[in-house]
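So the protein sequences, as listed, match chains A and B. Numbering follows this note's numbering, with no gaps: position 22 of the first sequence is 22. Numbering follows this note's numbering, with no gaps: position 205 of the second sequence is 205.
Worth flagging that the hints you see were computed from the coordinates, not collected in a lab. Each hint should be verified, as a subset may be incorrect.
What the hints assert, rightly or not - In silico negatives: residues of chain A with every beta carbon more than 10 Å from chain B: (1) Arg-90; (2) Arg-246; (3) Ala-292; (4) Leu-342; (5) Tyr-361; (6) Lys-390; (7) Thr-393.
To be verified - Calculated pairs, SDA-like style, for lysine to any residue (alpha carbon to alpha carbon, straight line, at most 25 Å): (8) Lys-309/A with Ala-373/A; (9) Lys-295/B with Arg-114/A; (10) Lys-23/B with Arg-223/A.
Even glycine gets a Cβ: it sits at the ideal position worked out from N, Cα and C.
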Amino acid sequence: MLGNGAVLISYSLPSNPFVAFRGSIPAGVAAEGDAHGVAEFASRLLLSGTRRHEAAKLADRLEGIGATLEFHNGEEVLGFNGRCTRDSLRETVRILVECLSEPTFPQREIDRVRGELLNDLRIEADDTHSRAAHELARFVFPNDHPYGRDPKGGADRVRRIRRRDMVDFHESHVGPEGLILAVTGDVDRDLVEKGIAEPLSRLDADAEGIPAIPPPPPHKPRRATIPMPHKSQADIAIGGPAVSRRHADYYALNLANLLFGRIGLYGRLGRNLRDEQGLAYYAFTGLDARTAGGMWSLSAGVNPANLEKATRSIRAELDRLQTDPFHADEIRDGKDNQIGSLIVSLERNAEVASELHQMEYYGLGMNFLERYADIVRELEEDRVRQVSMKYFTADGSSMVVAGPVGRTRFSL
Amino acid sequence: MSTHVETLENGLKVVLRPIPDTKALSTWVVYRIGSRNEVPGMTGSTHWVEHMLFKGGGKLGKGDIDKLISRLGGKMNAFTDTDYTMYFETIPASAMDTALMIESERMRNAAFDPKEVEAERTVVISEREGAENQPEFLVDEELWGLAFHVHPYHWTPIGYKQDLASLDREPLYRHYLRYYAPNNASLILVGGFDPAVAMQHVREAFSPLKPEAPPEPLRLSEPEQRGERRSDLVRPGPADLLSIGWHIPSAAHDDTPALILLSTVLGGWRGLISFASGDWRPRSNRLYRALVESKLATDVGVRQEMKLDPSLLIVSATLARGVPLDRVEHVIDREVDKLRGTPPNRTEVERAKQQVRSWARYEQDGVTFQGMLISAGEGLSSWDFGDKLLAKVEKVRAERIRDVARTYLVDEHRSVVRFHAQEGTN
Chain A
1 MLGNGAVLIS YSLPSNPFVA FRGSIPAGVA AEGDAHGVAE FASRLLLSGT
51 RRHEAAKLAD RLEGIGATLE FHNGEEVLGF NGRCTRDSLR ETVRILVECL
101 SEPTFPQREI DRVRGELLND LRIEADDTHS RAAHELARFV FPNDHPYGRD
151 PKGGADRVRR IRRRDMVDFH ESHVGPEGLI LAVTGDVDRD LVEKGIAEPL
201 SRLDADAEGI PAIPPPPPHK PRRATIPMPH KSQADIAIGG PAVSRRHADY
251 YALNLANLLF GRIGLYGRLG RNLRDEQGLA YYAFTGLDAR TAGGMWSLSA
301 GVNPANLEKA TRSIRAELDR LQTDPFHADE IRDGKDNQIG SLIVSLERNA
351 EVASELHQME YYGLGMNFLE RYADIVRELE EDRVRQVSMK YFTADGSSMV
401 VAGPVGRTRF SL
Chain B
1 MSTHVETLEN GLKVVLRPIP DTKALSTWVV YRIGSRNEVP GMTGSTHWVE
51 HMLFKGGGKL GKGDIDKLIS RLGGKMNAFT DTDYTMYFET IPASAMDTAL
101 MIESERMRNA AFDPKEVEAE RTVVISEREG AENQPEFLVD EELWGLAFHV
151 HPYHWTPIGY KQDLASLDRE PLYRHYLRYY APNNASLILV GGFDPAVAMQ
201 HVREAFSPLK PEAPPEPLRL SEPEQRGERR SDLVRPGPAD LLSIGWHIPS
251 AAHDDTPALI LLSTVLGGWR GLISFASGDW RPRSNRLYRA LVESKLATDV
301 GVRQEMKLDP SLLIVSATLA RGVPLDRVEH VIDREVDKLR GTPPNRTEVE
351 RAKQQVRSWA RYEQDGVTFQ GMLISAGEGL SSWDFGDKLL AKVEKVRAER
401 IRDVARTYLV DEHRSVVRFH AQEGTN
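Next up, chain B with everything else stripped away, as it sits in the complex (with noise of 0.2 Å):
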């Protein structure tokens, strides 16, 4: 697929993917500003700046933003991440200069009305309740809580309760006159367009907006965890979780590709992006094997963080009834030992690749997905990052998987958390 890329003066990154025979066409815009980048105190300031980028200002009024896209029958949302934000309006190819106008607006001009930075306060608190509501919500929060004690990972892109009960607009502005910059960001066009012609919108749209100072680089990195660290919760819920994050590096270091191979064999594969599996449930992988065609669990999955800084490997299993969380650490333990002493086999080696590559395929499903995928790569480090890194996934030997089980999953490096699930709560 050709794609075009190109960057205004005013640092801009504009890549423009045209898909002849659609007529559909997604805008996003990534920003480079994600949780990573608050500070305690402040958590989930930058989940409720993205909220606030859909009430309006400069030439949008307020629910103007919603109207426009409504009438196109499109469809729009924003997702904020730890290490950056997107937005993205998928409609008709022939209004692009109505989602060229919204993205331009809303990177400089965002009214930040006090009135609706306080009605969105108890929308984000609501948020954040919804999310309390499911256990596996807790474990997650509680584990990279525990993994990370000094890097901004330490907390989730919804922050904490209490801050977010406690935030005044003047942070929250100041915080999205800071980061929301044309050259902290870059601009994704997939879809039914002539690339020459976009590209002349889009100047006609950004170019008149002016730099920000670029952001500090985050300075604060984890220090190597000195031993095993556990965290056991005992509160009302449907069924035992067990979750083991363990620590790997940024989504840009050259073992990334080896630990992508690794998490397959362990788990399965569901793509870069979770959003384009469904309810896809890989069966032919260790843990599944191992855990629930055993009847130990009921539900497996391995989830490899690629993130700008470095991040975790977390095993998650929801325990069968009356296993004990023991017995399902210990089988988990046996299979990491496994991979650590002894490569995996061929079949089991080009099964996983014949995944990677597959849904490396899947993901390309219409232009919203592609959308996705080109600015969570940029997000990381480049529009391309999936591709290159299928092209090293395709290169990487059976050793290289056991290599890196060595390295990084180590019992002194990891973190446990153990949901005990109360009885009687129905």
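Here chain A stands alone, though its shape is the one from the complex (with noise of 0.2 Å):
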């Protein structure tokens, strides 16, 4: 921990011939309090000018040595990356630190951004998986819990947010505080002291604190179907609460995800929709484990005329959960693959980075990679059927359906 409380984690990967760095703030969606859309807007404008550079300047710095540098607003943290070479690392941390100590929010590219996020608004209003995922996301956190809401806002708050609104949050949330920067690849003791540590120690800590992220609110299943006539495919979004990634059944609820949507192609869902009756090119499940909570969903790609042949069987993958739970070979398999992908999951730089500050970021300990394979191997069984029949439930989900469909309401 450096000084001004800014964590620093660094492993070297030396056969790896460059650098990759990932970081975050606490200032994401759930920083914004009632400013709704102000953490996005105000992310966007971080590589648009500093006290010192232009946007233009700052690009061909950047470029100019061939470095990367992106930001991202995220619910919890405001998140950065980005990859450099072992010469240019001092060089592409000084410009990361300036960005976030020192940014002019110029008025000419709150314009600009302001019309992109516009853009981005009516694109993703366009985009059926995007249409089914954000309004089952509301469902599932529903109140405008900062997990459920457009972190974007909606086009109204976009065409309201004004300059002082981001420099306000910006002072109030950006600093040196949970400041958390993983870094691998070809680094070294004293490269990590003088080209990260040094500039990264020059952010001053005058941030408000960080916020504490409410829990969400209970969950009343809902179904709704999005009309989007002029589309080829629908998209169907089902899920519900899950659990923090602290929580007590993560491990067990993870390995029951992968059985269930995802080892191979898409586990046993997959095998019934696309194996065995060739409905969807993907059906899939996912697990977002956050600080404060989280949500499993399932997601599928169909043509309208096998929407109902579809919710059927995904109907029919659910219920089978409780009447034929995960079978021991199955289990054995998931286990296996969650401590083989130990291996292959690390293998590049930037994955690894990823790992590294995630371990720091939900408190998991730096022997997390050490201890993983046993607490997998130690998960029981029946853990993960109870798990599975506890959260991957048809009656407590909610179920979108955005595409060509009309009016029909879709059951599950």
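Now that you have both chains on their own, put them together as the hints suggest.
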């Protein structure tokens, strides 16, 4: 930990001839309170000019050394990531610190980004998958919870946000407190200290502190159809509340999710919908576990003529979890997959940086990777079955269908 | 990085790149078969064959590939391009034989069970319908159709829906038998292994496979375009789109390195294969400055399609609300005209070269990306295609960039697709 509170983690992988980094500051949607859309808007302006350099000059500096740097707004954090070479690391981190500490939010760039945000909203509104997924998140995390609302805040908010809103947000929430930076690749101790720690230490600690994220309100299962008659394919999104990353059920549920809709060509779900019936090119599940709660979700893209058949089959697979729960050999295969994937999922610089960041962010401990195989091995089979029965239920889930579906209402 | 190359007696070229301090292994097989080898009426067949090769045959029952790789915690996939088809598994290096067995069976023994072929028909149609949901796909399909009247680049690898609806098992299976042979493929291994030991295992797995008569070279070539071609799509959508494609030579042509720098000056560089780039958005380039910074477009990109045969350099823009398509097209014309008139300055050229240099490193991130890059190189010419290209890029002078702009960014040789988004669809 640096003197200003920022946490820096590095891992040397000298065979990869460059450096990858991933970082975050708790300045995402959860920090914006009622000022919806401000976090997203502000995050898009961090490369748009600083007290020392205009946007074009920043781009010239970064790309002149061949580096990449991007900022992303998330529900919990302002994220950033990039790549550079060993030789350009110091300069890249200087630019990162400059963007975080001295953004000017120039009006001309605000106008440009406003137009981009409005176009992005129109593009998302025309995308069947986005429409279904956003509506599902709104159902599962109701009452404008940060996990359920559109990070952009909607078109009306985008039109109303002013420079002052972003300056205030930035001053209140973007600083070294809660900052995590994970760096991997062609680095050594000396380079980390001089090229990263030194410039990062210059970030001033005068933000307001880390905002608490409220627990999600109770979920009442809902159904919705979003007619988009000009599309060829419909998207189905089904899901419900799950658990936070530190919840006692997390590892069992993560394994259950793998078996239900991820392993191989999408687990039990994919075997039924894609492999046996040919109903969908994709049909998979996801588990999104965060600090204050989580969501499981199921996505499938199907021809509108097959919608009823597909939803019936999904229902059958959900019901099967109650009547024909995961067999011992399925669970064994899933455990083997999770343990083996440690090697495969950490083969890239960027993936290692991301994993290190997650370990610190969720307080998993720096020995997490050494412990992971034992955590998985020790999971009891019945526990895996129980959590799948508890969380993956048709009656406890919301469902959204978006696409060329008329006003037909689909049941699950 | 040391790379060992050997060709087996049956014609299979083997490329081994050992990386001593990794425990992972990425195994790739690239076949020199893509949608360019298809004929009208059976478009999409190469991609459909790719789907069938996950369904077992020989020593592998249905679902076995999935199970074998999953148990190892591995990842696998396949990609069908216009020029080649690639398959890969990334697994712990200790399980090398599993990957070799899968790829060896896949090469000659796929089952093509009629029931499975039929089940996959709706899956590939569904994949196409998912793509059709995106206006960008419709624009791209229109552009290639417009620019190529004779050459099979006229259609995209996913194929036409009517062909997917009517193709039978037999032509698909013949397509497979014809092109899936050791002498029409390269095997690439990247990861933690000893090359001598790996080569022994490769021989055991692949030497018994018989070669096929080499495929006839493609004799179709696109005649010179005589005059600009234009198409206007009026459809529901969220934003107007503009796509302009100019004919460029094949990837192996001497002008390719200068075209890389031309693309970078115009629209930035995101690597030879787009998979490594993630969501990186280059901003230090002429079209970003002229269109995005000036609020005429919300996004702009340049794609230099490097292919076996003469291909396209494509500029694509997503227009800002209310901006006329004519205006954006005029700005692109103006920027192209500047490049044709004056060589880019030294700073600009050096920045472009630095981007290409850096991306050559970023694309080496891990065994999977390295395997993909080597395989794509093999699909186009040779495993070291990327390295050789980079060396040539270093030598390009600013005047050469202007010269290739004059040669290829010619109005009479371009095709323009304009997507007019209809309102009120949401």
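A quick look at each hint next to the structure:
no., hint, verdict
1, Arg-90, "holds, 15 Å"
2, Arg-246, "holds, 24 Å"
3, Ala-292, "holds, 26 Å"
4, Leu-342, "violated, 7 Å"
5, Tyr-361, "holds, 20 Å"
6, Lys-390, "holds, 25 Å"
7, Thr-393, "holds, 25 Å"
8, Lys-309/A with Ala-373/A, "violated, 39 Å"
9, Lys-295/B with Arg-114/A, "holds, 10 Å"
10, Lys-23/B with Arg-223/A, "violated, 47 Å"
Checked against the numbered hints listed earlier, the structure breaks hints 4, 8, 10; every other hint is satisfied.
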